[in-house]
Amino acid sequence: MPYKLSQMLDRELKKGSAELLILSLVEDQPRHGYDIGNLIEQRSKGRLRFNVASLYPLLYRLEKRGWIQGRWVEKAGQRRRRYYRLTAEGKKVLAAQRHSWQEFVEAINRITGIEHA
Amino acid sequence: MPDWKEEVRRRLSGLKLAPAHEAEIVEELAQHLEDVYERSINGGATEAEAKRVALRELAGAGVFQKEMRRVEKPVAEPPVAGAAGRANLLADLLHDLRYAARMQRKNLAFTIIAVIALALGIGANTAIFSVVNTVLLRPLPYNDPERLVMVWEDATRHGYPRDTPAAANYVDWRDQNQVFEGMAAIADESFNLTGTGDPERLEGRLVSANLFPLLGVDPQIGRVFTAAEDQPGAQRVVLLSYALWQRRFGGDPGIVGKPLTLNGESYVVVGIMPARFQFPSSDDQVWVPIALTSEQAANRNRHYLQIVARLKPGVTLAQAQTEMSTIATRLQQQYPQSNTDLGAAVTSLHEHQVGDIRPALLILLGAVGLVLLIACANVANLLLARAAVRQKEIAVRVALGARRWRLVRQFLTESVLLSTLGGIVGLGIAYGGLILLKAFIPENISQAREISIDFKVLGFTLLVSVLTGLIFGLAPAIQAVRFNQIDTLKEGGRDAATGGSGKRLRSLLVVAEVAISLVLLIGAGLLINSFLRLRNVDPGFRADNLLTMRIILPKPKYAKFAQRSAFYTELIQRVQSVAGVRSAAVTTNLPLYRQGNSTSISIEGQPEPPPGQEAIIVTRVISPGYFNTMSIPLLSGRDLTDQDSITARYAVVVISETMARRYWPNEDPVGKRIALGRARSDEDWIQVIGVVKDVRQFELTAEPRPQMYLSYRQAGLFEPRDLVVKTDVEPTSLAATVRKAVWEIDKDQPVSNIQTMEQILGDSIARQRFSMLLLVIFAAVAMILAGVGIYGVMSYSVAQRTREIGIRMALGAQTGAVLKLAVGYGMKLVVIGVVIGLIAAFALTRVMSTLLFGVTATDPATFTLISLLLIAVAALASYIPARRATKVNPIIALRYE
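Chains as they are written, first to last, in the numbering used here: chain A, 1 to 117; chain B, 1001 to 1897.
In case anyone wonders, no lab produced these hints; they're calculated from the structure. Think of the CB as a built atom: it goes at the ideal place given N, C-alpha and C, for glycine as much as any other residue. Do not take every clue at face value.
DMTMM-like cross-link-like pairs, simulated, lysine to aspartate or glutamate; straight-line CA separation at most 25 Å [unchecked claim]:
1. B/1555 / B/1604
2. A/91 / B/1092
3. A/64 / B/1092
4. A/92 / B/1393
5. A/75 / B/1570
6. A/75 / B/1154
7. A/64 / B/1038
8. A/91 / B/1393
According to the in silico footprint, chain A covers these stretches of chain B (three or more CB under 8 Å from chain A) [stated by the list, open to error]:
9. 1184 to 1195
10. 1361 to 1373
Excised from the complex, chain B in its bound form (with noise of 0.2 Å):
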């Protein structure tokens, strides 16, 4: 008999196989060999012909080798066919992922849809989350910022529950307590910067030498200031923001330890701090040491520092709190005169610098999140719809063995491919949105301007990609493999999803769409709400054609009244002068710039209050024509004149109507008494001599509190630094030759902070107008998505039933009748949707409730408002495939399948 084994490898040489699984072959060959040739010899054949018989089986070596090298080589599998459940995860995910792509490929209008919704929420997301992650979620750049407090004045009495305190209760509060490490001072102060280039002025701050230790911060070159440096009459020294050294010093190192012109003084610079540190503010360009005289530390009437301290290692806020209410009460007791109903709050620094701005961000963040559901009930809907048309591809798979769960991640990797796309546009949409962003958003937030994508963001980014992927496939995945897949095979492809769960998933999403957006829009219209009556508010002046600038004097120079008084009277004179100005006046502060004095008085005739209940009038000092460059209408009396000077009989004041109201409730004020503190002789009394309309001085949001008006002429007090000016034409183009006015008298005065009195209104409201704008955007992108949503949903409705829309219209049905078919299940869901959003918004708006103003959080008008408009939206959205479905002619809408 031959070798049958050597015959069948011989011809398997050639393929190289593992010798056992060669073995094995040639065994199972050379035996079915073996009963060809047995059949063939029973058959009644000679050897000969049996061997060739049999031979005849490997017939065409090149056949068999060919099969058999197919067979070795690695399987190209069919698409998830189910046995590589066995292989690795990372092998399948790959292979999914192609399969993902070329699916996206394959369906590129659909892809670009998806991934535009995505992106839109994905990109809001990472926008409002990089805002939400430097100003809340970045540490201040501070050593150890979370042990960093300030500690305020309690006078909650006078309605101010955290004020700037007095020198006196500061160095009491330091000396007495036990739980800070350290605590330091710091007064506002701005300086005329003179002697090389322009005149220029400088914000500033007097800071005690142990602030920039206890913060611990380094300087960039140089040194801090010495305990030795914050003492009267030390040595002058400065230090240096980074940017006023690049801008004005050229970045040039030498500049440490040579002299600057500060206010006429010459300061000694001893150091540059770094670029990123900024305290209190931005703004901040110049540090000098406060150096309290034994009578500035002894004041306790004057309120205008900032105490910033650390808490002792392990010491809370809460023990500080007590520590330093303990304190306070101590010192009420000691110091009725100045102390009564004076307590001391202690807030966190974090708190302090990141301001009322929290809400907001959190609100948007929010929204933001809600735009992004919607955004996935979108995708979801579309994905849907596509998995109801693929049926017979998932069928055709499961039959040859895929498993549902390998199905079910071959879906959730294309949704997650899908998402992950919307996330990489979405960055696109987010750093672009940044931009703008940073446009709109307030500058008294510390850290805006570093605001930016970082890792953190980046990290966002992925997880919500990734999340809202999931969230948005898992729904059309499990509904794709539910079925059964004989009877789509059976049916030949007819949609299975249409019907029962398939319909049901899909006007769920469409209710949950109308629901999230309705909460939105609400809220936006909330804003919009609070926002007009804000920008309604009578401010009490007209703001219209104001032109504002900053004129400060510096002390060593103008030191006495009667120069400062030449220089106003002479600067209102020449800037009057110049053609297009109607009028123009000097004053102390300009309403809406959150900043200004008050003064306590006591009234003749009336008893004198006990302390800590005297009467606190917001005090502004003013140049005569004030009320006439500002319009603010004059209600009773007369208004100041030029003779109302140091030399007349008698002061006079013009008082606001809230102050008349409040102190003469039946009585006409003019002509009545008051006197600035006490009055210790007759000649102290001050005389009203009219009664302006309220000017909202701080806040449009904010009540009128009283207020007076003294003339700079008269009243030495406090100094006036800003200049308004009427004019005929539009104010920045004057701006220029207002300025030369000013040099004009004097060559090195600074002027800054110029700016229109309508952007000082804009700037008061930025904030506002900040969350309004962005949740109104928010709100717009989610209604139009929901409308979108809707419109797909009733597209895919109208279109599976248009045979039945035709057999109607063939029966005689109206186009009425018929809109009002396939309207009405659309209509249905939205008024479902809006009933569960209004009772959502109802709940959820409160938490808006401090953005408000003018509105209260559950208004009926906007409810009722908002509803109409959205339901008008979803019914246009389901109007528009609804007409499109009576215009089809019956008779193909009968052939239709």
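The following block holds chain A by itself, in its conformation from the complex (with noise of 0.2 Å):
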């Protein structure tokens, strides 16, 4: 695959991937944004990173949307921080973009031939 082509698709991966991922990290646990920032780079092994300049907006974007939802939080001896926790519509958001996602999946290896164990 010549470079140029594979870095697109990367890009438009990441792109339509990117709210899937947020809605996920915050299905169970509220956090805030550094922490879901790096989780996303821990989890995917460095694979995967969104700087400040990505990561935000695109927070904004969903809690605009009301699927995510953030409140300042301060605690003990910390600066107060923004957590972002789900909201319903979210979680309904949520497993609709997993079941196509699921779909997507499926259906691109089946096409491409990637068998699982």
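Each of the two chains sits in its own frame; use the hints to bring them together as a complex.
Written as structure tokens, this is what we have:
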């Protein structure tokens, strides 16, 4: 695959999956932006990384849609931080996006012939 | 440590955020940068290195600003994603409307079919409602119209429950009652207008001077009559109708104060009535004071007036009726000779003017309502089918958080948009329909010409459109959002509405359509049946090749019997010499004109009946040759001849078979003698010389009454006014020649009402034809809509079962068996619908009984025939798609998903 095309595909995949990633990360517990950014980087073993310039606009967009909600939380001995949690609507969107993502992946796999064990 | 806040703030500066909002973002981002910085320091980096790493987070300031700008911009929401629930209703509505409009454009064929079905239904409703609105709902154009009533003589005993009162009774009623503010008398009169231009006959009325103030109507120009002008011998004055004023006098206001020659006498024009004024009927062109002489005012035997009265404020119709009955009873005792069994009846003016069209209109309104219901059922079915296709879309939207009621609203917006489109097209249909309707509506409905689409009608159409949309939209909307969206997503868009409740709903709609259209078809069938019977009623004469015209001789010029007699004799002679004329005759009244005279008689040798029970005989004064011209068969005795004249030894009369049977049940009436009123001397006796077949004088639906015919050469009692000509050629082609023959005798003699007897016959059943035609049209529309509906549902269900059919065929099922299977499902629904429809029709057609003639409202033949017709149509509608299914190649069918 020519380098240019591969880079483009990467970018598109990242863009398409970013929402799903963020929603998944705040599903179980509220997290702040730095935490989210770190988790994405750690769990993807460094393959996926969002810097501040791309992560926060994304968070704000999801918040604006009502899928996540940010709240300032002060903990003893710490400066206050903004924690994001999943809303009821966000839960439904997450379910649907997970479903379509699975379908998508399965479809891609069927076509590209990647078999699961 | 670097000032992170400042770094962030600098990069946000171009965005013009609200200060508080900016501060929050700055704080959050600065903290993140600080965390990154600290981590680098903790990891052993230098301050400069750590700062560089942190600032890389904000790399490409352009990208950051662009991303933030996108966030701050109002987000374009995905369709109905639920969050909008908080936003205001209007914005939602606009959004829904735009979305709905997009959907309609995307499914243009669907939209067109639905809009046509709805437009037919709504258009028919609008058209009929505008008739109902004008004729039944719009108040009469008089002051306080609900207090205006008509007062009649109740002569039920003689078969006239609402008879025109005699002048003396009117005078007594007027002077003795306490319930009316005023009472005015009206009598028919026609006038020959001569002097300026062609002679012309004008329909007019003799009226009490107080009629106009009583109605509360002012003239457009000039004044109404004074009480002094309503006296015998007063200056002759006349009011003109607006139409006459425009047509004959070019709308010249200078005509007021000028004299006109009417019936050879000079009348001064005192005023012009407004264009809308028509009283009692739209034909009236002139009004003249009635000026009853004391002799006229004392007459209790000539029943010719129409009485209109205004109730005092607070007096009800029932109170007025009670009062008038009391007065009538008193008059019965006072004048037993004339008033025995004579009551008084009060009816509202509105009811009188609307007359018997009310039941027909209400039935038609009901019928179009049913047509609309069928259209609704059809569109609902289409929507159900489409909802099935759209299930995946709905599932995604529900998954994305759209609330269900919000989706229902979106669906309803779509259906109301559809029905509103239907309403707009329907208005066009109604407008065209009204033009047609006006051509068919019987002219004797006084407001017929004013029928139009006004704001009330527009409001009605809007209301009906919106309601329609809600009705046909609700079922599919609820259906569409009720299923489990996860299943749908899993199935990859397989139709969940094919099973269970979706199918049930569609079947229900088919059953309803069949039932409703059966009711309409049976109603139409009954009316057709009635109309055919009506057409087959023998009127007693032959209407073909008959030309008729009205020639009324003005009294002053033809005051003497001999003058009139000479005119008729010459008239008949001249007309009969016209080429193409077989014979000609005159009569006082042509049959089926709904007017004419009756006379009470006494019979020689039979006891004088008690007062109130005299023999009342429909009387016509004719010329010899009338029976021949009209082809009325002579049953016994002889016809009138020219020798039966004033100089003959005795007067003669020809009677009808009904009269013969009733008064000489077991004898030959020929040679017997009768007298008009009572015979005072032997010269008063008139000899019966012949018996002719009955003629339906008033209307085809009424049984013939006893009738008799006198010769114009002997009887001055009533003056003939209708000329009837039997032609060898097309009758109207001779109209001009015959009229010229009249003018050769008297150049000032007006000729009017030129028409063929067939037209008169047709007009006499115009009402029945009107109701029948409309109901047949509506029933036909209903049947087509129902047929299309059944076809649609069957196509859909067969398409769903293509795989099953394929398997059966592959396993060797015969085409016939498969057909039976597919058609059987449709026919089951149709039969259920027919049974329900039959029950409904049985209950509903009773309201039609006043419109029926010769058939009962539950006529078994009509019920059976119409049911079979509908079943046949339904069978065809389900056969076509079933047939198509059997043509499918089993292999393809098996693969079909």
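Going through the hints against the structure:
no.	hint	result
1	B/1555 / B/1604	violated, 34 Å
2	A/91 / B/1092	holds, 23 Å
3	A/64 / B/1092	holds, 18 Å
4	A/92 / B/1393	holds, 15 Å
5	A/75 / B/1570	violated, 126 Å
6	A/75 / B/1154	violated, 101 Å
7	A/64 / B/1038	violated, 30 Å
8	A/91 / B/1393	holds, 19 Å
9	1184 to 1195	violated (count 0)
10	1361 to 1373	violated (count 0)
When each numbered hint is compared with the structure, violations occur for hints 1, 5, 6, 7, 9, 10.
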